[in-house]
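Engineer: Residues per chain, in single letters:
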Amino acid sequence: MTPEEYSLMIRIIFAGLSIILSIFLGLKLRGIITRNLSKFGQSFASKFAEVLRYFLIILGTVIAFSILSLDVVVLTGISIGIFIVILISIRDILSNYAGEIYLRVRRPFSEGDFIRIGRFSGRVLSINSQDVEVVSPEGERIIIPNQFFLRHPVINKSSTIPTSIEMKVVFKGLEIDKAEEAITEALNEIRPELFEDPRIISINQRNGRVEIIVLLHIVNQRKIKWVINKLSSELHRRGVEIEIE
Amino acid sequence: MRSIVIGGGHSAYFVITTLREIDPKGRIIIIEFTSEKIEMLKKTFPYAEAIQQSVDRVEEYIAENRSLIDVLVSATDSDALNLRYAKHSIKNEIPMVIAVLNNPLNEPIFIKENIRCLINPYKMITSKVKEIVNKFSVNTVYEFSRINGGIYALKIEDTRILRKVQSFILKKNLPFFTISVDGKVRASSIKNIEIGDVVYVVCVDKNIRDLLEKIVEGGK
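If you read the protein sequences in the order shown, they are chains A and B. Numbering that gives the first Met the number 0 numbers the first residue of the first sequence as 0 and each following residue consecutively. Numbering that gives the first Met the number 0 numbers the first residue of the second sequence as 0 and each following residue consecutively.
Treat the hints as calculated values from the structure; they're not laboratory data. Keep in mind that a hint or two might mislead.
[To be verified] Each computed BS3-like pair below joins lysine-lysine, with the alpha-carbon atoms no more than 25 Å apart:
| hint | chain 1 | residue 1 | chain 2 | residue 2 |
| --- | --- | --- | --- | --- |
| 1 | A | 229 | B | 129 |
| 2 | B | 129 | A | 38 |
| 3 | A | 38 | B | 213 |
| 4 | A | 167 | B | 163 |
| 5 | B | 129 | A | 156 |
| 6 | B | 129 | B | 111 |
| 7 | A | 156 | B | 111 |
| 8 | A | 156 | A | 167 |
| 9 | B | 111 | B | 170 |
| 10 | A | 38 | B | 24 |
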């Protein structure tokens with residue numbers, strides 16, 4: 000065996016060892032990561048571990064090629080090129096994964112919480128690796144990519160149950176006493192649907208109109224429209240002309 | 000507040016009376032499956048509305064009234080039904096969904112299904128037995144539903160545990176009080192804690208787990 004052939008054989012053995020070692024390390028690391036990250040969700044932990052395993056295998060392969068002493072410059076160039084192309088083509092996917100990591104680690108909300116992000120709001124149905132599924136108060140299913148949560152502030156409304164709403168009721172052609180009496184009676188009618196007793200914050204008379212601001216506490220936010228309609232129908236039933244702002 | 004209670008058994012009785020107590024002017028609707036129980040419920044709870052529904056029509060009722068229901072408590076005598084209704088209510092975005100367990104061994108199934116407001120009436124047995132017999136290291140007296148924390152009782156069995164508990168309270172600046180062997184309540188200073196006392200602290204469960212680990216490590 001010539002020295003060149005001997006050197007090539009040694010390089011092949013080391014290259015093979017490099018690949019075997021990377022596969023072995025990848026498998027070991029997968030187990031460790033899955034165990035340690037399981038608190039963030041089993042599927043997330045196993046996905047993360049799988050990505051790292053493949054990364055190690057690729058790394059091992061690249062090292063193997065370099066051990067084989069193929070033209071390193073060409074090989075590195077090709078590898079970097081492929082890596083950049085892959086990164087560009089999957090940048091949104093990676094960004095969504097980063098979003099998932101943020102959601103799992105920071106836990107700004109959980110499944111079942113009512114959230115608002117940007118112009119979307121609704122109850123969280125599921126948190127996935129690429130997106131968060133939300134159902135709006137109107138019943139529309141909204142899929143929000145995880146990267147959205149890295150760029151926009153999230154308001155978790157579940158911790159602020161119940162919601163307090165201020166409402167201005169304007170009475171036309173009615174004395175203050177009569178307006179207060181009418182609104183008190185109407186509020187008593189809707190009280191069973193509210194979280195607490197409604198409160199009259201202020202009563203003002205301007206240009207022959209009585210403006211009353213009331214504060215209502217509502218648990219189910221989808222009930223707001225219903226409560227407003229019920230209040231106005233109660234007042235109309237009493238023959239009172241009103242406007243609600 | 001519009002509350003729906005499904006079931007007319009013992010669990011439901013306590014749920015309904017509590018809901019009435021916390022919101023006397025609120026609306027309580029009881030859903031039951033049998034006409035005999037409906038009559039009984041109407042007499043027992045004159046302030047509530049009792050509706051008879053078949054087992055399979057309850058979900059339809061929830062879906063139809065999803066925008067008006069504030070609280071739904073699933074308290075039937077069957078955990079399978081409680082799970083089914085609670086899951087359906089969460090899917091229909093009812094703001095507060097509570098399930099009452101009949102069999103404590105079913106608790107993990109409910110947790111796995113993301114039913115976070117879960118009442119396990121049997122949980123008290125453990126802490127009560129420990130308190131009455133007075134033989135324990137740590138007793139979970141009460142666990143909060145909205146946060147991962149609670150009120151924990153720590154028995155001071157020796158000087159090592161005493162030191163650990165004192166430094167734990169001091170470091171975390173936790174509210175606490177002590178009950179001595181003769182049943183006297185003290186809340187003055189951590190220096191006054193003595194061996195044999197039971198110290199009650201309010202903290203998050205992570206803190207209490209850390210303390211337990213330290214106590215176990217130190218004992219090795």
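Engineer: With reference to the structure, classify each hint as holding or not holding.
Structural biologist: Evaluated hints:
Between residue 229 (chain A) and residue 129 (chain B), the direct Cα distance comes to roughly 53 Å. Violation of the 25 Å bound is thereby established for this hinted pair. Restraint check for residue 129 (chain B) and residue 38 (chain A): not satisfied, since their Cα atoms lie roughly 30 Å apart, outside the 25 Å limit. Taking the CA atoms of residue 38 (chain A) and residue 213 (chain B), the gap is about 22 Å. The hint holds against a cut of 25 Å. Simply put, residue 167 (chain A) and residue 163 (chain B) have alpha-carbon atoms about 58 Å apart, too far for the 25 Å limit, and the pair is violated.
About 39 Å separates the Cα atoms of residue 129 (chain B) and residue 156 (chain A), which puts this hinted pair outside 25 Å; it is violated. Annotation: proposed proximity of residue 129 (chain B) to residue 111 (chain B) is violated, straight-line Cα distance about 28 Å (limit 25 Å). Pair hint residue 156 (chain A) plus residue 111 (chain B) holds up; C-alpha atoms about 23 Å apart against a cutoff of 25 Å. Under the criterion of a C-alpha separation no larger than 25 Å, the hint pairing residue 156 (chain A) with residue 167 (chain A) is consistent with the structure, at around 23 Å.
Of the supplied pair hints, the one linking residue 111 (chain B) and residue 170 (chain B) is violated, its CA atoms being roughly 35 Å apart against a limit of 25 Å. Between residue 38 (chain A) and residue 24 (chain B), the direct Cα distance comes to roughly 43 Å. Violation of the 25 Å bound is thereby established for this hinted pair.
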